[in-house]
Every structure is written in structure tokens, then in C-alpha cells.
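> Go by the hints and put chain E onto chain D.
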Amino acid sequence: LAKTTQPISMDSYEGQEVNITCSHNNIATNDYITWYQQFPSQGPRFIIQGYKTKVTNEVASLFIPADRKSSTLSLPRVSLSDTAVYYCLVGDIMALYKLSFGAGTTVTVRA
Amino acid sequence: KAGVTQTPRYLIKTRGQQVTLSCSPISGHRSVSWYQQTPGQGLQFLFEYFSETQRNKGNFPGRFSGRQFSNSRSEMNVSTLELGDSALYLCASSFSGEHNEQFFGPGTRLTVL
Numbered sequence: 006l007a008k009t010t011q012p013i014s015m016d017s018y019e020g021q022e023v024n025i026t027c028s029h030n031n032i033a034t035n036d037y038i039t040w041y042q043q044f045p046s047q048g049p050r051f052i053i054q055g056y057k058t059k060v061t062n063e064v065a066s067l068f069i070p071a072d073r074k075s076s077t078l079s080l081p082r083v084s085l086s087d088t089a090v091y092y093c094l095v096g097d098i099m100a101l102y103k104l105s106f107g108a109g110t111t112v113t114v115r116a
Numbered sequence: 002k003a004g005v006t007q008t009p010r011y012l013i014k015t016r017g018q019q020v021t022l023s024c025s026p027i028s029g030h031r032s033v034s035w036y037q038q039t040p041g042q043g044l045q046f047l048f049e050y051f052s053e054t055q056r057n058k059g060n061f062p063g064r065f066s067g068r069q070f071s072n073s074r075s076e077m078n079v080s081t082l083e084l085g086d087s088a089l090y091l092c093a094s095s096f097s098g099e100h101n102e103q104f105f106g107p108g109t110r111l112t113v114l
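Protein sequence lines, in the order shown, are assigned to chains D and E. Here the numbering used here is used: the first residue of the first sequence is 6, the next is one more, and so on. Here the numbering used here is used: the first residue of the second sequence is 2, the next is one more, and so on.
Just to be clear, a hint being listed does not mean it is correct.
To be verified - Simulated DEER-style distance windows between Cβ atoms: (1) 19(E) <-> 13(D): 33 to 39 Å; (2) 16(D) <-> 97(E): 37 to 43 Å; (3) 54(E) <-> 14(D): 36 to 42 Å; (4) 107(D) <-> 11(E): 25 to 31 Å; (5) 23(E) <-> 58(D): 41 to 47 Å; (6) 19(E) <-> 63(D): 40 to 46 Å; (7) 9(E) <-> 107(D): 24 to 30 Å; (8) 42(E) <-> 16(D): 21 to 27 Å; (9) 17(E) <-> 56(D): 32 to 38 Å; (10) 71(D) <-> 6(E): 40 to 46 Å; (11) 18(D) <-> 54(E): 45 to 51 Å.
Hints are computed from structural coordinates only; laboratory data are not their basis. Every residue, glycine too, gets a C-beta built ideally from N, C-alpha and C.
Bound-form chain D, shown alone (with noise of 0.2 Å):
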């Protein structure tokens, strides 16, 4: 799997728009993007998926831009509830069940 990096951690207030950046250089031609959430003691839940452009769902956006070496995954008005790690990855669609997780962004939303 294509290695990744994104920011440690993000500070944000509710209401706000959260954007994080995770940079993949060495993506391959069949890879997507991928993005999970985790909270304490539970395990990751899927967010969403891309390949290209932009994608958006009921939770979040995430934006693809044209050489796809990097990626944001933006999430609107957050609440406290949206305080979380978020894990950006990158591989062939057809290996995600042998996922591996980098470090994470940890995401605090503060009142």
C-alpha cells in the first residue's frame, strides 16, 4: 500500500468546517483513497471512498485533485461528537481487507 502522511492532530470548534490533508506521493494507477473514523475503544468505521475529483455523502467530502498525490477529506459543521482519529488510506481496491493504518489525524472539536 501506498504510504501516506497527514497532520497529527487538528484542533476545531463546533460549527466549523474541518479539512484534512493527507499527501500520497507514491499512489498507484489502481489505488483509491480511503478514509476511516475511529473513536476510543471502537473500531474504524468506513467514511468514504475516491478515486478521482470529488466525492461527497451524507457525512463528509472528500476532494481528489487531478495528479491524486494528495487528498482532503472535509467535514462540515462539526459537533462535538465528530471529535475522533481519522485515517487516510490508499491501495488497490481489491487488497483493502488487509488494510494498514498509519498513525491517524486526531480530530478534537471543542464547544
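Same frame as chain D, but now just chain E:
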């Protein structure tokens, strides 16, 4: 639909002992993967089972083993426990393993004293 369940949720063992963890996947899911999560190493893939066969394996010593039953439930066994085996062990299931979304259980917190 019930989610992935793992038992026990918490476990305390001593060095040299062995332990067996259990995972019940979402109904209809045939792929079960196991992961170890520690503060220092993050979340690392252990192995994946599909239709009672180990299909993929991560870079862990042979002390870590698993199996899957005909109802897709899976067990993971760690023998000769070491202090470094203290971790959160997560199980994830998916329909076929090739689907993009895995559903994780709450994990089993193993402490080795």
C-alpha cells in the same frame, strides 16, 4: 442487522499463557479479518479468512493463528503471550473481502502482565 460482535471485550493474561478471541461477523458476511492495534504501531493486519480458509496473512509470528467456522464465525489464538501482545484486537467482516467497506467490531482489549 446486528453488527460485528467480539468476545470477550476485555481480557487480562500473564506472560506465557495463551488466549482465544472470538468474532461473529455480520450475517451474510463471509470474510473476516483480524487486526492488532497498539499506540506505537497503529493498526496492523494479522490475517483474513474466507470460507474457512486463511486467504491472506500479515507479518506476525506463528504464535498468532486463527480459524473460521462454517457459519463464518472466527477465532484468533495467541500462544505463549508476551508483554508486547497487549493491544486492542479488532475483527472486521465484509461480504467477500474484496468489497471496499469493512465493518469493524468493538475489539477485545488484551492486557498481558
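> Against the structure, test the hints numbered earlier, and report the numbers of the ones violated in rising order.
9
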